[in-house]
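Engineer: Taking the hints into account, I'd like the entire structure generated from these sequences.
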Amino acid sequence: MQRIGVFVCHCGSNIAATVDVKKVVEMAAREPSVVHAEDYPYMCSEAGQAKIAQAVAEKGLTGIVVCSCSPRMHEATFRKAAERAGINPFMVEIANIREHCSWIHKNIEEGTEKAIILARAAIAKVNLNAPLFPGESRVTKRALVIGGGIAGIQSALDIADAGYEVDIVEKTPSIGGRMAQLDKTFPTLDCSACILTPKMVEAAAHEKIRIYTYSEVEKISGFVGDFTVDIRKKARSIDATKCTGCGVCQEKCHSKKSLSEFNRGLGTRSAIYTPFAQAIPNVPVIDREACIKFKTGKCGVCAKVCAAGAIDYEQKDEIITEKYGAIVVATGFDTIKLDKYDEYAYNQSKDVITSLELERVMNAAGPTKGHLERLSDGKHPEHIVFVQCVGSRCSDERGKPYCSKICCMYTAKHAMLIRDKYPDVKVTVFYIDVRTPGKNFDEFYRRAVEEYGVNYIKGQVGKVAPQPDGSLLVQASDLLDNKQIKLKADMVVLATAIEPDPSVRPLATMLTASIDTNNFLTEAHPKLRPVESPTAGIFLSGVCQGPKDIPETVAQAGAAAVKAIGLLAKDKLTTNPCTAKADELLCNGCSTCANVCPYGAISYETKLINDHGIREDRRVAVVNNALCQGCGACTVACPSGAMDLQGFSNRQIIAEVDAICR
Amino acid sequence: MSNVSKTERQAAMIREISGANPAKCMKCGKCSATCPAFDEMDIKPHQFVSYVQDGNIEALAASKSLWKCLSCFACIERCPRNVKPAKLIDAARQIVEREKGGDYLSPDEIPALLDPELPQQLLVSAFRRYRR
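First to last, the sequence lines map onto chains F and P.
The first sequence begins at 1 in our numbering and counts up one residue at a time.
The second sequence begins at 1 in our numbering and counts up one residue at a time.
Just to be clear, a hint being listed does not mean it is correct.
[Said to hold, decoys possible] Not close to chain P: a few residues of chain F, all C-beta gaps over 12 Å, as computed:
(1) K22
(2) G265
(3) M362
(4) S471
(5) Q475
(6) S477
(7) G566
(8) P577
[Claimed, not checked] Below are the BS3-like pairs computed for lysine-lysine, each with C-alpha atoms no more than 25 Å apart in a straight line:
(9) F:K486 x P:K27
(10) F:K208 x F:K219
(11) F:K337 x F:K405
(12) P:K24 x F:K405
(13) F:K486 x P:K68
(14) P:K27 x F:K483
Derived by calculation from the structure, the hints in this document are not laboratory data.
We treat Cβ as the ideally placed atom computed from N, Cα and C, and that holds for glycine.
Structural biologist: In structure tokens, the structure reads:
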């Protein structure tokens with residue numbers, strides 16, 4: 001027989017305004033096994049916790065029910081308090097009378113009635129609770145960073161600087177990511193490559209960092225502290241140990257018509273290529289779909305000209321299997337496809353480009369060598385129109401419902417850079433709102449208007465129509481003037497919405513990490529745990545979690561690294577003791593539980609079973625406690641009721657239901 | 001008093017007939033940027049939204065914009081927030097016509113009722129609305 005203490009929290013007025021806490025105390029005191037009941041304004045306070053300790057000492061409690069907020073908030077607090085008072089922490093149950101009760105009810109009588117029922121259910125459960133003891137699991141002291149952009153590089157550097165091994169997996173042939181494609185960065189206008197490449201070099205040279213480029217994560221198993229990951233290292237067709245990076249193969253390659261991914265398809269590259277001059281590693285890859293040797297068997301000029309003999313047409317994909325304690329996801333973003341936005345004539349005119357394409361046009365290493373020119377005819381533009389919110393803030397199926405966050409600032413940057421370098425070019429920006437919350441951001445935007453003479457017009461563009469003379473007719477609203485205006489432009493730049501890189505979806509499935517309706521990875525708590533996935537051991541870095549600019553990305557990358565380091569610094573992890581357990585006498589060895597287990601935690605053994613005097617060999621389920629995550633799928637699937645979840649046994653749950661229905 | 005309730009009733013009716021929610025509007029002006037009849041209108045497409053929101057139905061009903069809208073539905077097609085300005089306009093048109101006489105029209109009666117004075121927009125818009 002338990003001796004249970006019930007503690008009812010007022011949570012200031014959060015609970016007490018809608019629940020008669022005195023009445024809850026009075027009713028709880030009448031429940032079987034309850035030997036102590038009291039209320040207190042703030043149970044989570046030190047004084048509140050002291051009341052628990054005092055009651056344990058005076059009344060010899062064996063179980064505790066705290067009627068308070070959600071267990072997600074304070075279960076750990078009260079379990080620790082119980083442990084300090086000498087009670088097994090798993091003898092504590094929380095009745096959630098705030099989120100599940102006071103916050104959703106207005107009527108005090110109804111609220112009180114429900115709070116009493118919730119308290120009753122928790123008491124019924126504690127009556128059947130048994131002490132549980134957590135086990136331990138080991139921590140592999142190596143981190144995996146998925147994605148080699150600025151987010152991944154920063155997370156890797158921070159983890160490596162703390163002394164832990166890190167592997168970066170990057171799917172393209174070089175690290176650097178989107179930041180490598182940018183020309184200048186706001187609000188300081190420093191050259192993107194100039195501040196990024198030192199970090200790339202640092203990562204490549206770091207003794208604790210291994211970089212797998214042209215590689216993808218193929219399989220992930222295990223759990224926090226002990227993940228096993230298969231990485232597919234795609235065949236580069238180059239022996240990286242021999243290649244000197246001289247670049248002769250790229251010069252001599254006969255297949256030069258492939259669209260350059262790095263230049264967003266605005267320029268071409270050879271079939272054997274490094275994406276950009278500062279690529280790391282400076283080892284090319286052969287695009288086998290474009291390579292004449294792979295397509296026809298003839299050619300092979302790269303092998304002939306390679307002095308180092310590094311070309312290897314026979315190279316095969318390689319699977320590397322490695323263990324990791326923590327995984328940082330830094331998969332970044334892409335711009336959305338504009339196929340559904342015919343009104344902007346993106347697919348009709350070469351002079352309508354996205355802002356990311358403009359970055360390449362403005363860049364000295366880009367398709368126009370940094371000259372601002374129309375891509376259709378190479379002419380110098382006289383008037384450039386920028387359109388904000390293309391696909392952002394859209395509640396229809398064409399776009400994204402969120403604000404992409406970076407567009408207002410990069411558009412101000414582009415407008416300013418163009419006016420600075422080409423004062424003869426007229427620049428008009430159509431905006432819905434200008435959003436510049438950030439240090440020195442609004443000042444930056446105002447400089448574009450006041451010092452650089454950029455013409456900002458409040459209103460959207462309704463359509464862009466290519467004209468026979470090659471110009472673009474832009475029809476737009478000027479809402480402050482209540483006019484519809486028609487402008488002649490030479491180029492139109494679309495501030496296209498960003499979305500998580502499509503690779504994140506299958507990756508999230510492999511990681512069992514949750515994503516939202518927009519494919520952004522979900523954080524464990526939107527305010528208090530913003531860089532952790534709800535799946536233990538998975539950390540979020542950069543735009544894969546939500547739109548953000550470079551400073552925010554770097555800050556978040558550091559935060560994700562700190563969380564990973566905090567995990568790697570531990571030698572052992574405490575495992576959750578609420579795992580499944582099979583009753584060998586009831587188990588008939590049907591394998592149903594093993595089939596539904598998402599963690600591969602159930603196996604079978606043939607054991608000598610003594611079933612009430614009948615001794616026989618039987619095939620029975622055995623749960624690996626280190627792998628079991630306590631999801632309970634097996635307990636539902638088991639046809640003979642042999643599987644039970646410790647801490648949430650079938651008997652306990654039925655007792656709770658009975659208490660509610662009483 | 002009756003005037004207030006009439007306005008409220010009409011605003012509610014416009015929301016119901018159009019199936020549009022003016023509160024979703026983020027005032028981007030894309031409807032007015034798109035509209036081919038913009039110059040002809042006294043109340044502009046983006047203003048229709050706030051007129052309905054403010055319950056300013058009398059002014060809306062008296063507006064010549066009702067009969068200048070071409071029912072091309074470009075604003076519906078391109079509105080990023082699914083506010084459907086043309087449907088609001090269409091609903092206002094219907095209210096005006098309904099106030100004039102009977103609420104319903106049977107298809108068999110149309111030939112006999114054909115009125116050369118009837119604004120073409122009303123017919124075009126009705127056909128497009130019921131084209132399925």
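Engineer: Decide, hint by hint, whether the structure agrees.
Structural biologist: Hint check:
With a least CB separation of 43 Å from chain P, K22 (chain F) remains clear of the 12 Å interface cut-off, as annotated. Here G265 (chain F) stays apart from chain P, with its beta-carbon at least about 26 Å from theirs, past the 12 Å limit. Listed as outside the interface, M362 (chain F) is consistent with that label: its C-beta sits roughly 27 Å from the nearest C-beta of chain P, beyond the 12 Å cut-off. Here S471 (chain F) stays apart from chain P, with its beta-carbon at least about 18 Å from theirs, past the 12 Å limit.
Non-interface status of Q475 (chain F) relative to chain P is broken: a Cβ of that chain comes within 12 Å, the nearest being about 6 Å off. Once the 12 Å rule is applied to beta carbons, S477 (chain F) is inconsistent with being away from chain P; the minimum gap is 3 Å. Non-interface call for G566 (chain F) relative to chain P: holds, since the shortest CB-CB distance, roughly 41 Å, exceeds 12 Å. The Cβ of P577 (chain F) sits about 49 Å from the closest Cβ of chain P, beyond the 12 Å cut-off, so the non-interface label holds.
Between K486 (chain F) and K27 (chain P) the CA atoms are separated by roughly 19 Å; this keeps the pair inside 25 Å, and the hint holds. This hinted pair checks out: K208 (chain F) and K219 (chain F) have alpha carbons roughly 23 Å apart, not beyond 25 Å. For a cut-off of 25 Å, the pair hint linking K337 (chain F) to K405 (chain F) stands: about 18 Å separates their Cα positions. Simply put, K24 (chain P) and K405 (chain F) have alpha-carbon atoms about 20 Å apart, close enough for the 25 Å limit, and the pair holds.
Our distance criterion of 25 Å between C-alpha atoms is met by K486 (chain F) and K68 (chain P), whose separation comes to about 20 Å. Of the supplied pair hints, the one linking K27 (chain P) and K483 (chain F) holds, its CA atoms being roughly 14 Å apart against a limit of 25 Å.
Checked against the numbered hints above, the structure breaks hints 5, 6 and satisfies the rest.
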